[in-house]
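Asker: Throw the hints in and build the complete structure from the sequences for me.
Protein chains in written order, with numbering that gives the first Met the number 0: chain A, 0 to 486; chain B, 0 to 94.
Source of the hints: derived by calculation from the structure; they are not laboratory data. Each hint should be verified, as a subset may be incorrect.
Partner residues are not named here, just some residues of chain B that face chain A (Cβ under 10 Å, in silico) [to be verified]:
(1) R9
(2) T21
(3) T45
(4) A54
(5) Q71
Beta carbons are placed, not taken as given, at the ideal position from N, Cα and C, and that holds for glycine.
Take a look at the letters that make up each chain.
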Amino acid sequence: MEVTDATVAEVVAALRTKEVSSVELTRALLARIEAAQPHLNAFITIDAEGALAQAAAADAALARGDAPTLAGVPIAHKDVLMTASMRTTCGSRMLANYTAPYDAHVVTGLRAAGTVLVGKTNMDEFAMGSSNENSFFGPVRNPWNAAHVPGGSSGGSAAAVAARLVPAATGTDTGGSIRQPASFTGICGLKPTYGLCSRYGLVAYASSLDTPGVFARTAQDCGLILNAMAGHDPRDATSLPRPREDCTRDLAQPLTGLRIGLPRQYFGDGVAADVARAVDAALDEFRALGAVTVAIDLPNVGLSVPVYYVLAPAEASSNLSRFDGVRYGHRAAHYTDLVDMYKKSRAEGFGAEVKRRILTGTYVLSHGYYDAYYVKAQKVRRLIADDFTRAYAQCDVLMGPVTPRTAYRLGENADDPVQMYLGDIFTIAGNLTGTPGLSIPCGFDRQGLPIGLLIQGPALAEARLLNVAHRFQQATDWHSRAPGGNS
Amino acid sequence: MALTLADVARIAHLARLELDATEAEVVHAKLQSIFALIDALDTADTSGVEPMAHAQDLAMPLRDDVVTETDQHAVFQRGAPAVADGLYLVPKVIE
Numbered sequence: 000m001e002v003t004d005a006t007v008a009e010v011v012a013a014l015r016t017k018e019v020s021s022v023e024l025t026r027a028l029l030a031r032i033e034a035a036q037p038h039l040n041a042f043i044t045i046d047a048e049g050a051l052a053q054a055a056a057a058d059a060a061l062a063r064g065d066a067p068t069l070a071g072v073p074i075a076h077k078d079v080l081m082t083a084s085m086r087t088t089c090g091s092r093m094l095a096n097y098t099a100p101y102d103a104h105v106v107t108g109l110r111a112a113g114t115v116l117v118g119k120t121n122m123d124e125f126a127m128g129s130s131n132e133n134s135f136f137g138p139v140r141n142p143w144n145a146a147h148v149p150g151g152s153s154g155g156s157a158a159a160v161a162a163r164l165v166p167a168a169t170g171t172d173t174g175g176s177i178r179q180p181a182s183f184t185g186i187c188g189l190k191p192t193y194g195l196c197s198r199y200g201l202v203a204y205a206s207s208l209d210t211p212g213v214f215a216r217t218a219q220d221c222g223l224i225l226n227a228m229a230g231h232d233p234r235d236a237t238s239l240p241r242p243r244e245d246c247t248r249d250l251a252q253p254l255t256g257l258r259i260g261l262p263r264q265y266f267g268d269g270v271a272a273d274v275a276r277a278v279d280a281a282l283d284e285f286r287a288l289g290a291v292t293v294a295i296d297l298p299n300v301g302l303s304v305p306v307y308y309v310l311a312p313a314e315a316s317s318n319l320s321r322f323d324g325v326r327y328g329h330r331a332a333h334y335t336d337l338v339d340m341y342k343k344s345r346a347e348g349f350g351a352e353v354k355r356r357i358l359t360g361t362y363v364l365s366h367g368y369y370d371a372y373y374v375k376a377q378k379v380r381r382l383i384a385d386d387f388t389r390a391y392a393q394c395d396v397l398m399g400p401v402t403p404r405t406a407y408r409l410g411e412n413a414d415d416p417v418q419m420y421l422g423d424i425f426t427i428a429g430n431l432t433g434t435p436g437l438s439i440p441c442g443f444d445r446q447g448l449p450i451g452l453l454i455q456g457p458a459l460a461e462a463r464l465l466n467v468a469h470r471f472q473q474a475t476d477w478h479s480r481a482p483g484g485n486s
Numbered sequence: 000m001a002l003t004l005a006d007v008a009r010i011a012h013l014a015r016l017e018l019d020a021t022e023a024e025v026v027h028a029k030l031q032s033i034f035a036l037i038d039a040l041d042t043a044d045t046s047g048v049e050p051m052a053h054a055q056d057l058a059m060p061l062r063d064d065v066v067t068e069t070d071q072h073a074v075f076q077r078g079a080p081a082v083a084d085g086l087y088l089v090p091k092v093i094e
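Answerer: Below, the structure written as structure tokens:
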């Protein structure tokens, strides 16, 4: 195995045994990133100089013997997480030249753990999208097949980890934006419990749903990165006030007696045959590992997409009102007065999908429609949450496909937003309920595109989800398959 | 509830987004399909259901009422399109 293809855990070990230095590894990965950039477009900003300086500092700490847990491990951040050391664009013309005055809390945590930041990854503009076609900096392509999308909105982070450009990367998940691209690119994607990772310094899309999380190639790696990102932060009023925990503590626990709930609604006609077959095979593997499956009913989960497309745009219309061309971001060159300056700056700065969501949100919050749409959606959100509470009284985790089908072709859904929205049917409920979800690879369709298994659990079940995924990965090798045949 | 072209113009103004007539028509068609999706909410019986604003039922945390921030206005204004003497510049609003 080349150390450039290694997992986070393997990189940590190789650095500590001096098999490789962080500078050597970072330099090799930077060369790979540069080579992949023209065809994948996974990055918006690459900071070779900064990365090599951090790598040298990590090597020095390793030589002294006082290196923190992830010292010298190269990573990338989704370009929605603020970094003082390089620009944060959110994939938007609005912020194309914006450099934040401070680091996001999760960025600080990963810096303190010694990681080396190689750059910021491409994404759907302001995290709104499921295909990464909505970026001002151009689409990201799927490393398994460049004619297909990598998923979104964290498509750049997913493509970078899948293509072995970095062993891990951060993402954010508001309706599926970590779990869906992880599934489309054949890697692991963890959306933690809402409140476990601070939103401080995460440019807000829908604040009651936005969740920072991790992409990596193994469940163990997801836990190692999450350990450095999680933790109470008084600067985020919704950050959970609880002591730090080691999310990898239960990895080796046997799965004997694990109760896996199978929601009837996740195994219906809308799921592609190849996806259903791969998920069924994974469930057989879990039964062989000692788990039992139980049938679950989530009668209201089918309404999670309409609930989401009321609540998320409502929150977005409010959050994105801050982009007014006055305090930061794009300002139009020509305008007649203040209101005209706002309108033209925002019209030029935002792309089509962001405008659609701002307008949808403005409408559902406007006079006369608030109760019919916004309050109604909040009530159905409660019904969906109650479904999940009942489900977790009968099982430990829920499983099903991450998405009804595998990665579609670029342009296939670009003109049909509703079709694209419906692809998030299985992931959105995790955001509405604030509960954790993990996508892990479990097979390929007949085109050779990856298929993901969604493992969901009740709030703060991260250690359990990672344990379940880890035992599966000890028994199978889907997670070690790489695009282009190198594994 | 049918969303009209006039509604699109009204909400675009509320959202401070300039839309020309052609864009407004395209957006109108897309928003109509989005609201057709959203209208499925009407199939749920929500009588007696409390609206859920948030996944957490925590009370908002309190802290002591003391100044904790330092003056960083120069840092924060670094990214502003137009500033002078520590002030943000906008077009004249009072004649």
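Asker: Starting from the hint list further up, note which numbers the structure goes against and sort them upward.
Answerer: 2
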